[in-house]
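Asks: Sequences and hints are given; from them, build the entire structure.
If you want the building blocks of each chain, they are given just below.
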Amino acid sequence: MTDHITIDQTPALPPEKPRLTAGSWVRQNLFSSVRSGILTVIFGVFSFFAFKVLVNTMFENPDRDWLAVKTNLRLYAAFAYPITQFVRVWVALGLVLALLGLSLGIWRSASAVAARTIASRLIASGLTVLAGTLLVGPPVLRDEAGEPVYDETFEALRGTWRSGLEQRTGWFLLAFALVAAGVALWFGLGSRRNTLTVPTTLVVWIASGVVIGSTWVVRYGHYGLDPEGVPVGDPDSLVAMSTRMPWTVMWLLVAVAYQLGRFVSRWNSSRLLITAAWFLAPFIAFWVILRDPAIDYGHVWSTDLPMFLGFGVLGGLLLFLLADPKIGELGRFIAFLLVVVAALTFVSGFYGWFSMLQKARISFCLLALFALMANNFAGDRQTRLRFAGAWVLLIGIAHYFITLMNSPSTLELRADSFLGGFLFTMFAALFGLMFSFPLGVLLALARTSTLPIFRLLATWFIEFVRGVPFITVLFFFDIMLPLFLPAGMEAPDMAATVLGLVLFSSAYLAENVRGGLQSVRRGQYEAADAIGLTGAQRTSLIVLPQALRVSIPPLVGQAITTYKETSLFAIIGVFDFLRVANYVVPNQSTPVNFIGHKLEGLIFVSFVYWLGSITMSKYSQNLESKMGVGER
Amino acid sequence: MRKYYLLRLLAVLLGFTLIASACGDDEGSDEGAAEQSDDSSSDSGDSEDVVEATQDGSLLATIQARGELNCGVSGTAVAFSETQSDGSQVGFDADYCRAVAAAILGDAEAVNFVALSAADRFTAVQTGEVDLLMRNTTWTQSRDSEIGMDFGPTTYFDGQQFMGRGADGFSNASDIENLDGLTVCTNSGTTTEKNVADAADAAGVSVTLGGPFEDFNQVMDAFQDGTCDVVTTDGSGLVGQKANNEPNDWVIFPATPISKEPLGPTYGQNDSQFADVVNWTVYATIIADEYGVTSANVDDAVADPASAEIGRLLGGEGELQSGMGLAADAFYQVIKQVGNYDEIYARNLNPVGLERAGSANAGWLDGGLIYAPPAR
Chain A
15 MTDHITIDQT PALPPEKPRL TAGSWVRQNL FSSVRSGILT VIFGVFSFFA FKVLVNTMFE
75 NPDRDWLAVK TNLRLYAAFA YPITQFVRVW VALGLVLALL GLSLGIWRSA SAVAARTIAS
135 RLIASGLTVL AGTLLVGPPV LRDEAGEPVY DETFEALRGT WRSGLEQRTG WFLLAFALVA
195 AGVALWFGLG SRRNTLTVPT TLVVWIASGV VIGSTWVVRY GHYGLDPEGV PVGDPDSLVA
255 MSTRMPWTVM WLLVAVAYQL GRFVSRWNSS RLLITAAWFL APFIAFWVIL RDPAIDYGHV
315 WSTDLPMFLG FGVLGGLLLF LLADPKIGEL GRFIAFLLVV VAALTFVSGF YGWFSMLQKA
375 RISFCLLALF ALMANNFAGD RQTRLRFAGA WVLLIGIAHY FITLMNSPST LELRADSFLG
435 GFLFTMFAAL FGLMFSFPLG VLLALARTST LPIFRLLATW FIEFVRGVPF ITVLFFFDIM
495 LPLFLPAGME APDMAATVLG LVLFSSAYLA ENVRGGLQSV RRGQYEAADA IGLTGAQRTS
555 LIVLPQALRV SIPPLVGQAI TTYKETSLFA IIGVFDFLRV ANYVVPNQST PVNFIGHKLE
615 GLIFVSFVYW LGSITMSKYS QNLESKMGVG ER
Chain B
2 MRKYYLLRLL AVLLGFTLIA SACGDDEGSD EGAAEQSDDS SSDSGDSEDV VEATQDGSLL
62 ATIQARGELN CGVSGTAVAF SETQSDGSQV GFDADYCRAV AAAILGDAEA VNFVALSAAD
122 RFTAVQTGEV DLLMRNTTWT QSRDSEIGMD FGPTTYFDGQ QFMGRGADGF SNASDIENLD
182 GLTVCTNSGT TTEKNVADAA DAAGVSVTLG GPFEDFNQVM DAFQDGTCDV VTTDGSGLVG
242 QKANNEPNDW VIFPATPISK EPLGPTYGQN DSQFADVVNW TVYATIIADE YGVTSANVDD
302 AVADPASAEI GRLLGGEGEL QSGMGLAADA FYQVIKQVGN YDEIYARNLN PVGLERAGSA
362 NAGWLDGGLI YAPPAR
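As they're listed, the protein sequences go chains A and B.
Counting from 15, one number per residue, gives the positions in the first sequence under the working numbering.
Counting from 2, one number per residue, gives the positions in the second sequence under the working numbering.
Derived from the structure by calculation, the hints contain no laboratory data.
No residue lacks a Cβ here, since even glycine has one placed at the ideal position from N, Cα and C.
Some hints here could point you the wrong way.
Not everything, but these chain A residues come out facing chain B in the computed CB check (under 10 Å) [claimed, not checked]: (1) Leu-113; (2) Ala-221; (3) Val-225; (4) Gly-227; (5) Leu-336; (6) Thr-548; (7) Ala-584; (8) Asn-596.
Replies: Next comes the structure, spelled out in structure tokens:
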């Protein structure tokens, strides 16, 4: 019998923090000395007045008309996307949310919120609502038409405080409900409130469920205004135009996707597949769902399919042969030849010697790239078949999307781009982040590489892009790029400018990652070499994980910046989220005059931007604590 | 073994040569051109027809074949083209888009509005993205000649005016002479600023220019806190600002603006058939206004025309519309579905306080500049 040695695998619990009573907490943290007491009082008074000014700016203010935001929610969401096709917006959003749910299920986050925290947050938010309700000034008197009544000095007349408090029953009820829920949770759990934790994902899901569920009871936004300016919830509008049903479906979809993600997480390839799906998703959502291309099937059968078969079969065969370990110098020669051919297809097109489909040119370029990589995949029959298979898959996807891009959209054009509002912001941010991250990492590796040509090119690129303001990059890709492309090739505005965003933010990301790379000590490289790892293994298994861990804070900072920078697209004519608030809504004079009601829209827009940013920021904080950044 | 490999490789490479030549031969140069128009028009299904049609004929035939007019508007101009909460467009410019669609297609709703920024508007016409601009665009010499645009009849005569406080003694009858010694504010470095200086010089008064101001919101802030006595910009913009800050005692003067900002339809140059259609659609609304024909009484006017001219215009005997490539009742449809000039003006511009009477936009019989050549 062999002895079984059991090792206690349970991790040591973190040291317990002392639980203080409220009084001693206040004494220790807020009034620990005279100076801190003075600061607390000054800051407390300041926050009180700041809060009071804020609520009074937003509510019961004759200058504010929240109807401007309420009735224009559709413009904020998708600008002028055609009404009859609006269901496409929901399908696109559903695709993104389903992937989000799947990813959350696969990469199950360990982060959890203590029940105690949830209870205290509920009580705190209830008290905030209560304070806000009490601090808002007395109600503005309005005439029958709902317009404020003014005295001769143009000051709005106000009712009594008492009447105001009587009118705000709904807010009092909300505050009471929040406090009651918090108190019930606090005392209902008893001493278990300190030990019981709830996964963050579940908390967020339940909280959004409460908000979405409330849309069945409260009407937050109205679909439109009748000619007299009275808000109407359009009785015969499409389901897609309402909010509660689609949002409920989205909410359930996330839950289903999460469970599915948990189920498939046991398969090894699920992570790879979901990553690939994320990269394909924006293309599918943009070119298939939202753009609804009219594909010419005659052209598909006569040209597209034969081309795919030709490149797929012959290319696969060629790559299979090139990946043969015995091929030697001949392989390099053929790869070089293919590079020359790929270059010639562009050159000949540029000078008009020999015209050819753009798709063929791109395919030749991709083939040359694969041929150059072939000797890295040299091996047994299985490996070579996989390599050839990857080529067929890639060329299939590439040809599919090129066909989609070349097919005209069946949608009517409503602006420079049919994307607008938050839909545009979401897409530009998704595209921008997903493609600039890998590119940024590659650039950082190239810049720290020992190969001078890579190092120089990456350094030049990064320094050049960082030396130019983002607006200039946008103008360049919007106006100048078409001049640089070969004859017969044009990029749609939207694609060109998002490409600009990708390149711009990748340069900044590259520098963040490089900072991380420099923090990895020399010994780590040497240790990797000592155990016989190849260069690629050393980078991907030893160096990058440590470098990326260190650079989480600046990387997330850059992600948030990229998300907010999408608003700059307004200057090249896109009706993005911010532009709707800034120019479209404040210029509506019929059926209700919203002229000049800019602040409401800007507050709403900043709140939505803040929601997105705080989510990313919180996620990075969790990631940091999970990875132990700053502790090890 | 090695030789065997070479043979196989050669066969595959030969295959590629075949593909390459097939791609070139089959599709030829015209496919390349189609690819180009496809790529550029990835947002619009119609551009391919546009490209073809502008080569062999007028835009008019293209629009008729397409069944829809692509009309470029601002989407953010108070009372001229406002984007509504359901994505539709209302306003003076939007109604003129509808009028042109009613004339060409017989249906005022067959318009696809495209919201354009100021920077993109002319490019959109040149690339065929829109057929027509109704985007409060001032008709200037350089735009007419250098940029390659043609301009239709002016539908709205805008111009630079001043706005002051009634409490400071300003009234609608005030004039530039009343500005002596006061601070006038407007966007810095613009032609508006230069116009003020020129007008003050001409009137022999001295005004101080406030500022510098980056945009007009800052100007309005300075006006409200009293730093500026008077603000100035285009009249239609002032009216918007006045409506924005209700209630107030602000007045806009003088009745005759100090600069000329004629706004009207804009289209690509050298397409006279399309230009004629757009121009005469505008003229038809003006002539109908002259004769008092409105959307309400146009059916009576067809049955019993007040004059031979209005009879011809509405598609009666001797009508001239068929010769222009339009239906005989094209302008009847315009008046019936959209209205005459006065109706379009009253519907869109009166609510924001722009009155027609006494302004340059009154009819020529009332001392204004709105005038149409005779329909005969």
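Asks: Please check whether A/Val-225 passes as an interface residue: C-beta within 10 Å of a C-beta belonging to chain B.
Replies: With a closest approach of 22 Å, the A/Val-225 hint is violated.
Asks: Should the interface hint for A/Ala-584 be scored as holding, given a Cβ-Cβ cut-off of 10 Å against chain B?
Replies: 8 Å, holds
Asks: Holds or violated: is the Cβ of A/Asn-596 closer than 10 Å to a Cβ in chain B?
Replies: OK, holds: A/Asn-596 within 10 Å of chain B, min 9 Å.
Asks: Let me know if the C-beta of A/Gly-227 comes in closer than 10 Å to any C-beta of chain B, holds or violated.
Replies: 25 Å, violated
Asks: Against chain B, with CB atoms and a cut of 10 Å, does the hint on A/Leu-336 hold up?
Replies: Since chain B brings a Cβ to about 8 Å from A/Leu-336, closer than 10 Å, the hint holds.
Asks: Double-check A/Leu-113 for me: the hint is only fine if its C-beta lies closer than 10 Å to a C-beta in chain B.
Replies: Since chain B brings no Cβ nearer than about 25 Å to A/Leu-113, farther than 10 Å, the hint is violated.
Asks: Would the hint on A/Thr-548 stand, with a C-beta cut-off of 10 Å toward chain B?
Replies: At 27 Å from the nearest chain B Cβ, A/Thr-548 fails the 10 Å test, so the hint is violated.
Asks: With chain B as the partner, please determine if A/Ala-221 meets the hint condition of a C-beta pair closer than 10 Å.
Replies: The hint is violated - A/Ala-221 has no Cβ within 10 Å of chain B, the shortest such distance being about 28 Å.
Checked against the numbered hints listed earlier, the structure breaks hints 1, 2, 3, 4 and 6; every other hint is satisfied.
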